[in-house]
Structure formats: C-alpha cells, structure tokens
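Quick mapping for you: the protein sequence lines, in order, are chains A and B.
Heads up, the first sequence is in my numbering, so the first residue is 1 and it goes up one at a time.
Heads up, the second sequence is in my numbering, so the first residue is 1 and it goes up one at a time.
These aren't lab readings, by the way, just hints derived from the structure by calculation.
One should not assume that every hint holds.
Keeping only pairs whose Cα atoms sit at most 20 angstroms apart, straight-line, the calculated SDA-like set for lysine to any residue is [as the list claims (entries may be wrong)]:
{"hint": "1", "chain 1": "B", "residue 1": "K107", "chain 2": "B", "residue 2": "K240"}
{"hint": "2", "chain 1": "A", "residue 1": "K270", "chain 2": "B", "residue 2": "L390"}
{"hint": "3", "chain 1": "A", "residue 1": "K316", "chain 2": "B", "residue 2": "V292"}
{"hint": "4", "chain 1": "B", "residue 1": "K393", "chain 2": "A", "residue 2": "G323"}
{"hint": "5", "chain 1": "A", "residue 1": "K279", "chain 2": "B", "residue 2": "R369"}
{"hint": "6", "chain 1": "B", "residue 1": "K297", "chain 2": "A", "residue 2": "K267"}
{"hint": "7", "chain 1": "A", "residue 1": "K316", "chain 2": "B", "residue 2": "L6"}
{"hint": "8", "chain 1": "B", "residue 1": "K297", "chain 2": "A", "residue 2": "G330"}
{"hint": "9", "chain 1": "A", "residue 1": "K285", "chain 2": "B", "residue 2": "V47"}
{"hint": "10", "chain 1": "B", "residue 1": "K262", "chain 2": "B", "residue 2": "A97"}
{"hint": "11", "chain 1": "A", "residue 1": "K267", "chain 2": "B", "residue 2": "H18"}
{"hint": "12", "chain 1": "A", "residue 1": "K267", "chain 2": "B", "residue 2": "S395"}
{"hint": "13", "chain 1": "A", "residue 1": "K359", "chain 2": "A", "residue 2": "G330"}
{"hint": "14", "chain 1": "B", "residue 1": "K262", "chain 2": "B", "residue 2": "H18"}
{"hint": "15", "chain 1": "A", "residue 1": "K143", "chain 2": "B", "residue 2": "S286"}
{"hint": "16", "chain 1": "B", "residue 1": "K262", "chain 2": "B", "residue 2": "P29"}
{"hint": "17", "chain 1": "A", "residue 1": "K316", "chain 2": "B", "residue 2": "K262"}
{"hint": "18", "chain 1": "B", "residue 1": "K394", "chain 2": "A", "residue 2": "V275"}
{"hint": "19", "chain 1": "B", "residue 1": "K394", "chain 2": "B", "residue 2": "E210"}
{"hint": "20", "chain 1": "A", "residue 1": "K232", "chain 2": "A", "residue 2": "Y259"}
{"hint": "21", "chain 1": "B", "residue 1": "K393", "chain 2": "A", "residue 2": "R269"}
{"hint": "22", "chain 1": "B", "residue 1": "K357", "chain 2": "B", "residue 2": "E210"}
{"hint": "23", "chain 1": "A", "residue 1": "K279", "chain 2": "B", "residue 2": "K240"}
{"hint": "24", "chain 1": "A", "residue 1": "K267", "chain 2": "B", "residue 2": "L6"}
{"hint": "25", "chain 1": "A", "residue 1": "K279", "chain 2": "B", "residue 2": "R25"}
{"hint": "26", "chain 1": "A", "residue 1": "K279", "chain 2": "B", "residue 2": "L6"}
{"hint": "27", "chain 1": "B", "residue 1": "K357", "chain 2": "B", "residue 2": "P29"}
{"hint": "28", "chain 1": "A", "residue 1": "K285", "chain 2": "B", "residue 2": "E210"}
Every beta carbon over 10 angstroms from chain B, so not counted as near; a handful from chain A, in silico [unchecked claim]:
{"hint": "29", "residue": "F4"}
{"hint": "30", "residue": "L28"}
{"hint": "31", "residue": "E134"}
{"hint": "32", "residue": "P135"}
{"hint": "33", "residue": "A169"}
{"hint": "34", "residue": "P190"}
{"hint": "35", "residue": "Q237"}
{"hint": "36", "residue": "R302"}
{"hint": "37", "residue": "Q306"}
{"hint": "38", "residue": "R319"}
{"hint": "39", "residue": "D334"}
{"hint": "40", "residue": "L337"}
Think of the CB as a built atom: it goes at the ideal place given N, C-alpha and C, for glycine as much as any other residue.
The primary structure of each chain is shown beneath.
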Amino acid sequence: MISFEFNDVQAMTQSAARKMAESIIRPLSKAQSAFRDVAYSKPLSSDFLNQLSSLGLVQSIATHDGGESASSRLVSSLVLEQFAWGDANSALAIAAPLGFVRAISEQGSARQRAELLPSFTADAYQAAAIAAAEPGLISSGLKSIKTEITRIDGGYVLNGRKALVPVAARCSHFLVIAREGAELRAIIVPARTPGVSIEPARYTMGCASSEMSDVLFKDVRVGSDALLGEEKGCDIQRLADGSWTAICAILTGVSKSAYEFIVEYVKERKVGGVVLGTKQAVAMKIVDMFADSESMRWMGWRAANQLDSGGAEATKYARLAYGRAVDTAGWIVDECLQYMGGHGLMAEYPMESWFRNTKTLSTLETAIGV
Amino acid sequence: MLNLELSSRDEEIIGEAHRQALIFRAYAPGFDRTQDHTISTDVIFNVPEEKTFPHVRNMARAAQHEPDVSNFDILSSQIYMQESWAAKVCYFRGMGADMLDYGIAHKLVRAAGSEEQYSAWAANAKGIAWGMTEPGGGSDPSAMSTAARYDEATKEWVINGEKTFISFANAASTVIVMARASGLGLNDVVTPFLVARSGAPGMTFGPQMEKLGLRQWDTISISLVDVRVPDENRLKGSLKTALSTFNSTRGFIGAQALGYAKAALDTARDALVKQGIKIDYTASLSERPAAVDRFIKLEELYESSWLTLINAMWRKGSTPVGQDVYYPTLCKIVCAGAVRRITRGCLDLFGQDATSKSNFLEQAMRDSRILDIYEGAGDVLRLYIARWILGFKKSELN
C-alpha cells in the first residue's frame, strides 16, 4: 500500500544526516564550494571526510554479505539529500565510494566481495569510484566510450582516458567501464596498478572540492578475475540507474537549499519600497519551486525502492528521476539567483555556488551511486 | 515504511474501473456534443452496460480492512483517473454515485443550512445547481453584483442579477443563488439562497453554452428578475466555513487531470511503438529520436504530478477533514497545469491527423482544458499557496 511514512531506520538516518549537515557541513560550505581559481578555496580535509564517513552509510553496505545490503537505496538517498543540502561536495564524497561498494556488494563475485569490501568497513573514509565518463558530449553516452580492454594471456590490457572522476586521487580502486569489442565491461582496477596515472584535479564550474581528475590507463594489466562478477558478468545499466538515482537525491538537496534561502530572502528584501515576495511574479514561481522540489525528491525515492526491490521498470524510473531532477534543479537555482539581483552573483552569498554546483552535478551521469 | 507503488490488490480494484473505462471510452465521441433540451430535458445519456457495473468505490471502501490496500482517498483518486481516461461523461447522478461527485451543492446545503433546510431541499432532491460565478467575475467573488434586498412589507428577499457557467441546472429542481444580501440585519453580505425552479417566474434559464470541451456537460446562464423567496430559503450558516470544506475535494480535480494526461501518454506511446519507434530509457541523448525525447520529458512531468497526487491523497487519509487545505490545492495546481502541457505535447507527436475526430486525444485535450480553470484557477490558487509559504496576509499578497 502507498505510504510516505518513514520506518524507524529511515527516520533516524535522515535525522542524523541532517544534524551532520547542519553542524559540520554547512559551516564549511563556503570553503567547499568556492571556485578553485581563487586561492582561498580548499579541498575536503581528511578529518572532515572521516567525520562524514562516521555516519556509517558506506560501511553498512560493505559489512553485509551475499548481495542483500543493510542499507537500502532509499536510506542512501535520504543521506545524500541531507549532505547535499549541507554542501554538494560532501554528498559527492560519499556517493563516489557508495557507487563502487554497492557495485561490488551486489554484483561482485564471492572472492571480489571478500577481498574488497573489508577495507570499506572502517570508520575512516575510504574513497573509490566508478570511472565511466570520457571527454566529449554527454549526449554520446556509455555506448560511445573508447576505453577498451583486450584479452591477453591470464587477463586483460586496459587502455583509455576517463574524465573527471570524483575524489580520484584518494581512490584505492576504480570500477572502470570499458569496451571489449562491442560489449561493455566493468573492470576493478586498484589505483596503484602500473599504468594508472591520476592527473591533477581539473577545476570544474562547481563541486571543485570534489577534486575531479582525469585518470589515464596506459597498458594496464589486470587478471581475468578483475571483471566485476567474474564469469557471471554484470549489469552495467544497473550502475547507471544507481548513479542517476543518487544525482536526483543530491540535486534535491541543493534545490532545497536554494528554495529555502530564497523564501527567506524575498520576505526581507525590498524593491521600490515593497517587499519582493509580495510581487505576484515572484510569489507564483516560489509555489512551483516548492511543488517541484518536493516531487523530484519522490521520484528519486521511487527509483531507489524499485532498484532495491528488483522492479521491472527500475531503469525507466531512475532515468525519469534523473531527467526531471536536472531540469528542475537547473531552473530553481537559476530563478533563485535571479531574484537576488546583483547579490546573486556575489560569493558572499551561497546562491552562486549552488548555481555552479547544480550544473556540474547535472553532468555526472554514471560517476556515483546510491 | 515508505512505499510509492500501488499494491496488487489496489491494481485489481483499479482494474475494474479500467474495465468500465474501456466501455465508456467507446461512447466518448457521442458525448462530445452540446445537449439539446428542446428534444428532451432528460439529460442522462444512456450507457446500457452501466447497469451491470459493480460500484468500484464501494469495492475500494470494503477493501480497506485488508492488509495491503492503499487508503480510500488514494484508491478513489485512481478510480477517478480511469473515469477521465475514458472521457466518461460527468453529470450529477445523485449522492454516493460511483464517480467524481459533483453533488457539491448538496454539501453546501448540509454545511451552511439547517437540518430542516437539508431535509426539505436536499435530502430527496433530484438535483441542485449552484450559481456563484457571474459574467463580470468568477475568480473574484468581490465582483459579484447579484443582489438580494429584503422587502419588509412582504417578508421576502427580492433577488436580481445574472449567474453564468451554472452546471447541471436542467436536471435540478433547485438553484442555490449567491447574492449580496442587504436587509434583516445583513449589510451587503454574500449569502446563499435556495430558489425552487417551479414558482419562480423571474428566474429564466438560458440556452446551453457551446463549449470547447465537456460539451455534453449542462452549462447555462441564469437570469433573475425580481425573484422572491422567503427568509426560510436563506442559508444562515457561516459561508466561509462551508466553503472551506470544499478545499479537500480540490485534490480530486488533480486526479481528473491526470486521467486525461495518462490517456494522452498511452495514446502517444502506442502510436510510437506501432510505428517501430523504440522508447529506450537507457539511450543517450544522441541516440534518442526527438520524438522519444519529447515523450520522455512528458512522462517525467506526468510521474512528478502523479506522485504529488498520491502524496496529497495519502495525507488526506491521515488528516482530519478540513485541516489540510494546502496539499489538495497544490495537487490541483500541479496536475491541472501538467495536463495542459501533456495533452498538447502528445498531440505534437502525431501527424496531420493528430486533431482529426478519429483521434481520441483531440477530445482529451479539449475536455481537460477546464481543469486548470474551474474549482479555483491555477493562478489564483498559487497566490493562496504562496501566502501560506511566505506567511503573507491577503492584503499583502494578492
């Protein structure tokens, strides 16, 4: 039966994530989301990442064996939204290893789970990421990637360039999406494997503290046991579905930040002697912002539940959630910035950083997970 | 436990509504015409199969004691979606009828009238029509000019004015007329009066108004020239309180809207598939034909609206009546706004025969257009929600 009521785990986890967002993420958000070509910006510190990690989300997936995760994707979505409400970089920092660990936990072979998951069970932050995107148009998608593996004696050789992998320099492992001929494969590659080079972080419009770097793979040799799922193979679309769902949750958090900020702003700001929020054109759109930020959240939840329950239309709902989130978040932050006039552009206020973060988040596609 | 899927038992019940909808859908083109009351005052279009139909909302109500069944409001909303999916003809068919209940005039008498008035006028009435809107103002009740002046000599209220967009008047024995009342201690107060059709020579019914959609829906203007009624005909309860109970029915208009939207998407999807165009959600933008991209964008809008609908209905089921005025209203704003874009957008996918009468979709577009206007136009309702969100009074934001 349909219900919007949380169970205890869902309610408690959301509450804990929100508290963390209010107490430790928000105070740092200006430094996190500053644009990187100005000296005062800072990447996320190890101490800070350890605090985020202490919520235990990634660990709850890594400690469960046999495919069924302790942490549902709905619970992950609740955390990612609250972290993103604090600051998008914090959400990305968790969503990157979340994507990797979820993939291993759900689709890895017994040997892969036994070997890889334990290092993600500690309190301290451990990064890993799916490496899927390549330089070029987002319109091209996974089917046009060029990174490839070719079979050799005992394994594969991997060659290619992956673009803008979040927290790349901290990753212990990458889950690389590559082609073998016409087929797509997912290959587990330890970051220290000879031939793997992580380039310096490229500055992006937003989420620069997530230190997204290109990762080069030049004649990287891996064993045949490096394929996710080994001889059983894996469902790569499911990785994309999870990433889309995560992006929806994160964009919801950023949208809610912008929406809540502008509601307070237009109640105070005066234009022509009149309170800005009493102007019909402003007030009407705020109603749509409220409605759309609520429903985008529910779309993410529906996708998360469908992925958890093995629903036949999970891919459809994940894609609809992602598409809707990109459009909705995009117009909300853009409109909120407009209502602030010149102040909207000033780094003194958080809106310009939410504007930049939203755009970068919208480009992620298969980079993270839920 | 958070769950946004209809259960299999829910789907079973809704499935019965769908089965009935398929039968009604076949009659839809026949209903797409203005009634001619010179031929007959019997306005009920005959759908013979209807006599055999189980009462689906009763099924939904009876199922409420079962373990995995969504609440009655959620199920009702999904049943109402099936009705508009079928362009099922909508006319008042008595309280408790198995359809979106247009008996709000009866409810007004119950809410603002006495027990005696309800027994005398509503309990056994064939139909009651409600005249509120006037040519000069609908969304703006302060523009109302129909007036009721108390004649001390005859102890009667004398009503003069004109009402328009009156629904179901030809099936009604009584019309509730809203007028600005002066006299008997009232000073220009908007007040409902019960006016019986028989014995009111000054009340004249106009001809059927020809309309873009819902053409079969009985819609006329009524003029009142020196119509005299005793004070027993005046509803004396708080109008504000009475009207506020109708806020909760507003959400079901959202359901009506999504039924038409679903019909549009289903029709478009079938057409795309029939033409061999695959709707592939995994495809990247450059692999997606423009037609598929547009379709998926409309599906996104539909899904976000549907979730807004079921959220409002879920809340309704767990909130005391009249307590939640905002979410049903927000639901109507979202869904009735969405159906405008979805019907238009789906029609754009068809070729030159898109708007030919053989395409049900063109009737769906015309029939659904009223939804963002009546029962509170979306723009006016947005001001109402905005005041709530921003904490402004009506005098501050209007």
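Evaluated hints:
{"no.": "1", "hint": "K107/B with K240/B", "verdict": "holds, 14 angstroms"}
{"no.": "2", "hint": "K270/A with L390/B", "verdict": "holds, 14 angstroms"}
{"no.": "3", "hint": "K316/A with V292/B", "verdict": "holds, 13 angstroms"}
{"no.": "4", "hint": "K393/B with G323/A", "verdict": "violated, 37 angstroms"}
{"no.": "5", "hint": "K279/A with R369/B", "verdict": "violated, 27 angstroms"}
{"no.": "6", "hint": "K297/B with K267/A", "verdict": "violated, 33 angstroms"}
{"no.": "7", "hint": "K316/A with L6/B", "verdict": "holds, 17 angstroms"}
{"no.": "8", "hint": "K297/B with G330/A", "verdict": "holds, 15 angstroms"}
{"no.": "9", "hint": "K285/A with V47/B", "verdict": "violated, 44 angstroms"}
{"no.": "10", "hint": "K262/B with A97/B", "verdict": "violated, 24 angstroms"}
{"no.": "11", "hint": "K267/A with H18/B", "verdict": "violated, 47 angstroms"}
{"no.": "12", "hint": "K267/A with S395/B", "verdict": "holds, 15 angstroms"}
{"no.": "13", "hint": "K359/A with G330/A", "verdict": "holds, 7 angstroms"}
{"no.": "14", "hint": "K262/B with H18/B", "verdict": "holds, 12 angstroms"}
{"no.": "15", "hint": "K143/A with S286/B", "verdict": "holds, 11 angstroms"}
{"no.": "16", "hint": "K262/B with P29/B", "verdict": "holds, 18 angstroms"}
{"no.": "17", "hint": "K316/A with K262/B", "verdict": "holds, 16 angstroms"}
{"no.": "18", "hint": "K394/B with V275/A", "verdict": "holds, 14 angstroms"}
{"no.": "19", "hint": "K394/B with E210/B", "verdict": "violated, 35 angstroms"}
{"no.": "20", "hint": "K232/A with Y259/A", "verdict": "violated, 46 angstroms"}
{"no.": "21", "hint": "K393/B with R269/A", "verdict": "holds, 17 angstroms"}
{"no.": "22", "hint": "K357/B with E210/B", "verdict": "holds, 18 angstroms"}
{"no.": "23", "hint": "K279/A with K240/B", "verdict": "violated, 26 angstroms"}
{"no.": "24", "hint": "K267/A with L6/B", "verdict": "violated, 40 angstroms"}
{"no.": "25", "hint": "K279/A with R25/B", "verdict": "violated, 44 angstroms"}
{"no.": "26", "hint": "K279/A with L6/B", "verdict": "violated, 40 angstroms"}
{"no.": "27", "hint": "K357/B with P29/B", "verdict": "holds, 8 angstroms"}
{"no.": "28", "hint": "K285/A with E210/B", "verdict": "violated, 34 angstroms"}
{"no.": "29", "hint": "F4", "verdict": "violated, 5 angstroms"}
{"no.": "30", "hint": "L28", "verdict": "holds, 29 angstroms"}
{"no.": "31", "hint": "E134", "verdict": "holds, 12 angstroms"}
{"no.": "32", "hint": "P135", "verdict": "holds, 15 angstroms"}
{"no.": "33", "hint": "A169", "verdict": "holds, 28 angstroms"}
{"no.": "34", "hint": "P190", "verdict": "holds, 29 angstroms"}
{"no.": "35", "hint": "Q237", "verdict": "violated, 6 angstroms"}
{"no.": "36", "hint": "R302", "verdict": "violated, 5 angstroms"}
{"no.": "37", "hint": "Q306", "verdict": "violated, 8 angstroms"}
{"no.": "38", "hint": "R319", "verdict": "violated, 4 angstroms"}
{"no.": "39", "hint": "D334", "verdict": "holds, 18 angstroms"}
{"no.": "40", "hint": "L337", "verdict": "holds, 19 angstroms"}
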